[in-house]
Every structure is written in structure tokens, then in C-alpha cells.
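Novice: Sequence:
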Amino acid sequence: DNMTWYNGAPLLHTLETIHISSDFNSVDARFPVQTVLRPQREGFIDYRGYAGRISSGIFRPGDEITVMPSGFTSKVKTVEGPKGELEEAYAPMSISMTLEDDIDISRGDMIVRSNNKPVPAQDLEVMLCWMNNSPARPRAKYLVRHTSNEQTAMIKEILYKIDIETLGRNFDDKEICMNDILKVKIRTTKPLMIDSYRENRITGSLILIDENTNETVAAGMIV
Numbered sequence: 001d002n003m004t005w006y007n008g009a010p011l012l013h014t015l016e017t018i019h020i021s022s023d024f025n026s027v028d029a030r031f032p033v034q035t036v037l038r039p040q041r042e043g044f045i046d047y048r049g050y051a052g053r054i055s056s057g058i059f060r061p062g063d064e065i066t067v068m069p070s071g072f073t074s075k076v077k078t079v080e081g082p083k084g085e086l087e088e089a090y091a092p093m094s095i096s097m098t099l100e101d102d103i104d105i106s107r108g109d110m111i112v113r114s115n116n117k118p119v120p121a122q123d124l125e126v127m128l129c130w131m132n133n134s135p136a137r138p139r140a141k142y143l144v145r146h147t148s149n150e151q152t153a154m155i156k157e158i159l160y161k162i163d164i165e166t167l168g169r170n171f172d173d174k175e176i177c178m179n180d181i182l183k184v185k186i187r188t189t190k191p192l193m194i195d196s197y198r199e200n201r202i203t204g205s206l207i208l209i210d211e212n213t214n215e216t217v218a219a220g221m222i223v
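The sequence shown runs 1 to 223 under the working numbering.
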């Protein structure tokens, strides 16, 4: 009644029906392997399936794929969901996949399209939000969890902190405390298969975990 100038839809209706086109990346096919299925029972003696949740893109039987980081190539033989074989699967479906070739694949590997691969990298630039009461320890080791891959990592350098009042960059403050937002360089023990967060919200994000307490201390976006 007090907004006679407004002719739009009600706020709640807008929030409930607004289309978010960037929720899932449908272009870059990324399938982080969570586990390998080997039933070892009658009818499945030679079965080897790779199970997980599709991070982005679409997979179909016959697709040429590459397993990262090994670089082995094959073709998708079958794509299976809870109710049986599928003609295609897409993010964020949980599936199992079989390949035409026997390849050594384990948890943390990533199956991708051969003509569209993520970047394997150990040195990452990350926009980090520190979420823990305890400040970051200089040169300390943390676990970095990226999709289904988990590696040891270290914060090598603080590039700058964001002043949340002005959104300016502070290049002098080198201490990481609760609720700080900052850009850092991180080094991992083994390569992660990454995309930038701008291109892929799943393969472009990670969390840091304290090895001693198993607490999530930070969340980050790869830039």
C-alpha cells in the first residue's frame, strides 16, 4: 500500500522463481571419482565401475575421456544411475560409469572429456575466507579438499587482504584471523585438477582443514 510506484512481482515470488543460469556448468565435463565399484559376485566378476557425483557437464556412452592426472584415455562404456543404464548423465547427478578399457583409477582422480581438460596445478592463487577462531599459523600444513581429492597444502604467501568497509586491498597486513577475506598463494603436495571459480563453481572451490583438529578452517575460490 505504501509503494504505489512499484509495479513488479512480490519479493518472495521473485526469490522463489528467479532463474540462476550459472548454477551448474553444462560445458566442461568433470567427474571426480569417489570410489571404485568391484562387486566380486556372480554376474559381476569383471565389473569395474567408477562412482561419484558429476561436478559439471554431460557424459554419454561413447564419449572419449581422459583420466586425470594419469592422462590415460578410453571411452565411456555405460553410464548407470540408481534405476539402471542412462543415455546421458549431467551435473549434479550421482552415477557410476564403466569404461571400455581397464585403467588404474582411484578416489581423487577425475574423468574428463579428452578435448576439454582442467588445469593440473600445485601452485594456486585463491581468494580465501578464514572461518576459524585460531589465526593461521605461518608456513603450517593444512589438508586441502578439492572435489574428492585431498592433499596436504601450505599457505606460501599472503598477497593482500580485503578491507570489508571500503573493499580496498591491504598489502601490508600479513596476519590471517577470523572472518578475514584475502588473496593467497597455496602450494599442494600433488597437482589438483582445477578450473577457475568464475568458470566452474565446483572444480574452482576448495576448503582447508586443520590436520590436528579436523576442523574446516577456511573456504576458498580459485582465481
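None of these hints come from the bench; they were simulated from the model.
Heads up, the beta-carbon is just placed ideally off N, CA and C, and yes, glycines get one too.
Hints are supplied without guarantee of correctness; some may be wrong.
[Unchecked claim] Here are the in silico distance ranges between beta carbons for each label pair:
(1) Glu150 - Asn115: 25 to 33 Å
(2) Arg60 - Asn170: 44 to 52 Å
(3) Thr213 - Glu85: 37 to 45 Å
Novice: Each hint should be assessed against the structure and marked as holding or not.
Specialist: For each hint, the structure was consulted:
| no. | hint | result |
| --- | --- | --- |
| 1 | Glu150 - Asn115: 25 to 33 Å | holds, 28 Å |
| 2 | Arg60 - Asn170: 44 to 52 Å | holds, 48 Å |
| 3 | Thr213 - Glu85: 37 to 45 Å | holds, 43 Å |
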